[in-house]
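Asker: If you read the sequences in order, they're chains Y and L.
Residue 1481 is where the first sequence ends in my numbering, and the numbering goes up by one at each step.
Residue 234 is where the second sequence ends in my numbering, and the numbering goes up by one at each step.
Please keep in mind that the hints were generated in silico from the structure rather than gathered at the bench.
Certain hints may be false.
Calculated cross-link-like contacts (lysine-lysine; reagent style DSS-like; alpha-carbon spacing at most 25 Å) [to be verified]:
| hint | chain 1 | residue 1 | chain 2 | residue 2 |
| --- | --- | --- | --- | --- |
| 1 | Y | 1210 | L | 178 |
| 2 | Y | 1236 | Y | 1175 |
| 3 | Y | 1210 | L | 169 |
| 4 | Y | 1182 | Y | 1236 |
All values derive from a computational prediction rather than experimental measurement.
Residue-level listing of the chains:
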Amino acid sequence: MDGIRVGKRIVGTQSPVTIGWENIPKVEGGAFKRLFFTWFQPVVLFGMIAFWYYAPNSIAKASTAIGIGIGFRVVLQILEFVNPRHKSWQITWKELATDLFYVGIASTCVRLVDNYIGSDAIIEAVQKSLDVEKLAWFTSLPLLIQAFLIIFIFDFCQYWMHRGMHNWYPLWLPHSVHHYITQLNVHKGAVGNPLELFLIGLGIGGLFDFLPRAFLLAGAIGMSVGAYQHINVRFNSPRWWRFIFNTTEHHSLHHSQDFESTRSNYCNTFILIDRFFGTCIDGEAELLGMEGGRRMSIREQMLYPFTEGLRAWKERKSREPFFADHTAVPAE
Amino acid sequence: MDSFPGPAVKTPILRLFHWIWHIRGDVPLPAALAPDDAFHRLAPLFAHSGTTHARMGDLIVVTKHDQLAQDPLSIVDSGTLQIDRDENGAVLRYHLVSRALLYCFLAPLLFLAVAQLTVFLGSLEKPGSEEQAQKDKGKQDHKGEIRLNPVDKFLGAPAPEKPKDDKKNKEKGGDEEKKGFSPTTAYVFAGIFIALWVLGRLLEPWLIRRLFQRTLAD
Chain Y
1150 MDGIRVGKRI VGTQSPVTIG WENIPKVEGG AFKRLFFTWF QPVVLFGMIA FWYYAPNSIA
1210 KASTAIGIGI GFRVVLQILE FVNPRHKSWQ ITWKELATDL FYVGIASTCV RLVDNYIGSD
1270 AIIEAVQKSL DVEKLAWFTS LPLLIQAFLI IFIFDFCQYW MHRGMHNWYP LWLPHSVHHY
1330 ITQLNVHKGA VGNPLELFLI GLGIGGLFDF LPRAFLLAGA IGMSVGAYQH INVRFNSPRW
1390 WRFIFNTTEH HSLHHSQDFE STRSNYCNTF ILIDRFFGTC IDGEAELLGM EGGRRMSIRE
1450 QMLYPFTEGL RAWKERKSRE PFFADHTAVP AE
Chain L
17 MDSFPGPAVK TPILRLFHWI WHIRGDVPLP AALAPDDAFH RLAPLFAHSG TTHARMGDLI
77 VVTKHDQLAQ DPLSIVDSGT LQIDRDENGA VLRYHLVSRA LLYCFLAPLL FLAVAQLTVF
137 LGSLEKPGSE EQAQKDKGKQ DHKGEIRLNP VDKFLGAPAP EKPKDDKKNK EKGGDEEKKG
197 FSPTTAYVFA GIFIALWVLG RLLEPWLIRR LFQRTLAD
């Protein structure tokens, strides 16, 4: 494969990718269908902002957010059947059960561990030991700015953690298993080793104090943008949306079987961060995964970072030191 | 049906529970379809990545490993398919084993265990009443200072809630105390996996039967 030049890199040499928005297929069908899949994303986003901004205190609670989050996932799951992006990504019972297992582990076990060694717990401990209060002046900022800061600070940390995972082997090991997914579906974001889910959740948001409503707003905005990263639905995302936010197209390229393409589009919410640091590629891919699209079992996903890490460590240990006593070979 | 060979069973008592993850069924062969032709039609189903199969007369033994998501028999790990003849004609009988169904059936137990662990760890974390009261007081003092930004006031956003009094907080059981140690999520996932198993146990045998019917009719 010849590949396509994008800036200084050549992508698509190992697996087909589509580069450039003009080459990406549009939603096909009647006027209503095209209208629906063009405006669904912005309407949900602005609807969520308006709801959480004006909801009375008796409704603006975490339990409401959880309920909306579950309902939204169900709607997206239905949309996967209505307008799939690729038939080869169609959800099956086994895929759904597998994905929900990872969601369950992330929502229970990983959260439990977060109580002890999560970033918020660490920051709280440091603040207590140094007798430092949270930066409380943030609470006096307008709600939407607070919400933006919460998402942006988290996304910025996540960008560098994710980029680090693709560039440093010890961090790549727990993240690598997530790249064995061969299709994108609503719950695929949770598929991976729990160690990775823990690492990717680390942030410095705990340093600052925000109003509870700002957290709810941030969660709603994050959900209304981030949920489309792993999804098998074709949307005609507006131009401004795909310039600012991460989309399924961007993330499918990140999961491509083409190595060079995987080294792009690291952010969670704001693709602007990738654009700023020169790691954004606008495009999409259908063939996803590693090792030619091998599907990894749950058991292997759980063990791989450790078994592979041990193997690499043993190999490194057994390697001869660079300045070992070799018989000298004269240069030509 | 008793003489129909299935995957080897190591422990006879397990037979009682086979219905959890074993799929048995039969599909009548179209008239005048010879076993060779029937197996020839079924052959593409065994051509997927990670699938090995061996034919012994009218019997096919299948094993699968790391099945791809879009493999139409992705939930099958091993099994046998045999063509039998009776007075009504030839029939394809199948006996398939699915670890996915078994693990889905067992998953609620895992989540119930996680729920119990969460409750146990939560009980260890319970702060002393004096310490908790001091913590609550500090928080209330802090909450009392929070004011909405004038921009939000102008736009009509509701003002932050005033701190509740101690009595009400105690009646509620102290939300902060439970934060991070609630077993509800684990219970919900236990329920989800029970529902998923029921769905899979009904849906997958139906899909497999339909697949064999369509493949043999082609």
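Asker: Each hint should be assessed against the structure and marked as holding or not.
Answerer: Hints, one by one, checked against the model:
no. : hint               : result
1   : Y:1210 with L:178  : 15 Å, holds
2   : Y:1236 with Y:1175 : 15 Å, holds
3   : Y:1210 with L:169  : 20 Å, holds
4   : Y:1182 with Y:1236 : 18 Å, holds
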